[in-house]
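Using the sequences plus the hints, can you model the full thing?
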Amino acid sequence: MKYPQVLAFVSVARLGSIRAAARSMGVSQAAVTKTMRLLEEQLGVTLLARGVGGAVLTAAGRALLPRATLIVEQMNLLEDDVSADDCGRVAIGLSIMASSRLLPLVLPDFIAQRPRSPLRIVDGALASVLPGLRDGTLDFGVCTALAESIPMPFQFEPWFRRPAIVIARRTHPLVNRRCTLDDLTRFPWVSGGIRITTQPSYIGAARVIEGPQNIESQNVVATRAALKCTNALAVVSRDIASEVEDVDLAALDLDEPLPDLTEGLVTRSDLFLSPNAQLMMEMLRKQAFRSFA
Numbered sequence: 001m002k003y004p005q006v007l008a009f010v011s012v013a014r015l016g017s018i019r020a021a022a023r024s025m026g027v028s029q030a031a032v033t034k035t036m037r038l039l040e041e042q043l044g045v046t047l048l049a050r051g052v053g054g055a056v057l058t059a060a061g062r063a064l065l066p067r068a069t070l071i072v073e074q075m076n077l078l079e080d081d082v083s084a085d086d087c088g089r090v091a092i093g094l095s096i097m098a099s100s101r102l103l104p105l106v107l108p109d110f111i112a113q114r115p116r117s118p119l120r121i122v123d124g125a126l127a128s129v130l131p132g133l134r135d136g137t138l139d140f141g142v143c144t145a146l147a148e149s150i151p152m153p154f155q156f157e158p159w160f161r162r163p164a165i166v167i168a169r170r171t172h173p174l175v176n177r178r179c180t181l182d183d184l185t186r187f188p189w190v191s192g193g194i195r196i197t198t199q200p201s202y203i204g205a206a207r208v209i210e211g212p213q214n215i216e217s218q219n220v221v222a223t224r225a226a227l228k229c230t231n232a233l234a235v236v237s238r239d240i241a242s243e244v245e246d247v248d249l250a251a252l253d254l255d256e257p258l259p260d261l262t263e264g265l266v267t268r269s270d271l272f273l274s275p276n277a278q279l280m281m282e283m284l285r286k287q288a289f290r291s292f293a
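For the sequence shown, full-length UniProt numbering assigns the number 1 to the initial residue and increments by one for each residue that follows.
FYI, nobody ran anything at the bench for these hints, they're computed from the structure.
Everything numeric in this text was worked out from a predicted model, so none of it was measured.
Heads up, a few of these hints could be off.
[What the hints assert, rightly or not] Ranges between beta-carbon positions, derived for each pair:
no. : residue 1 : residue 2 : range
1   : T230      : I121      : 23 to 33 angstroms
2   : L38       : D109      : 45 to 55 angstroms
3   : R67       : N176      : 46 to 56 angstroms
4   : Q29       : L107      : 16 to 26 angstroms
5   : Q155      : S24       : 32 to 42 angstroms
6   : I111      : G44       : 43 to 53 angstroms
7   : K2        : R116      : 29 to 39 angstroms
8   : P151      : A49       : 40 to 50 angstroms
9   : P257      : V175      : 12 to 22 angstroms
10  : F272      : R238      : 14 to 24 angstroms
11  : N219      : K2        : 31 to 41 angstroms
12  : P118      : G16       : 40 to 50 angstroms
Glycine included, C-beta positions come from ideal geometry on N, C-alpha and C.
Given below as structure tokens:
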């Protein structure tokens, strides 16, 4: 397997057609078709199902895509590692907390030091950050997570802990009354990969509430929408409750506090950050320790 074959495969998968992939790579459609055919022959599997509507990944293609994408992303970073200028891209996932409390304090300095560096920021729910780290489309994430919940080859570096609250729509049956953690188990949850539980395990651990149905949301707008139109609940940091709450949402009055939420750095343990990504990470870490120590 050669790199041009991997690049062609990833391009077709991303763009959905051989024609579009050929255009993006600056080669002929016939060249991409031949490259893909050779790759499939070498692997002994069919990677693409070709049709009038374009190219769709087969099961084998879907299995190959994350690792192939990582190879392409790492090759793209080679120029950044040896370049003498500051134009290497940075792609990160930031939680609501990191976006609202840390990013405004470091972004001006980063832009001043790396004015030509393209910066991509996505919602930092753990459920979306891990796939981005896996395929190399993200450099790192600052998320709410637990060290023991992070699978290999990822690692979690705790930065700070903040108190948590539960929010719901103002017409929710649990609003305007004292409620217990057991009351929460009767309702679905909107989560970004972190839940809590009514069964304590050890001091400082997040806990998991087994609710009827969980809704996974990776951005604030979707979380608000889900809360407003259902009886779902969501856990947020008390510090950024104002970022999520509005006239239609309210915090619940619990008879015991929730475990603190732990915010920290999520990276791949088997990969190095580019110089620009390293700079952004160090700026965020320094500001986190300064603001929340």
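Violations among the numbered hints: Of the numbered hints, 4, 8, 10 and 12 do not hold.
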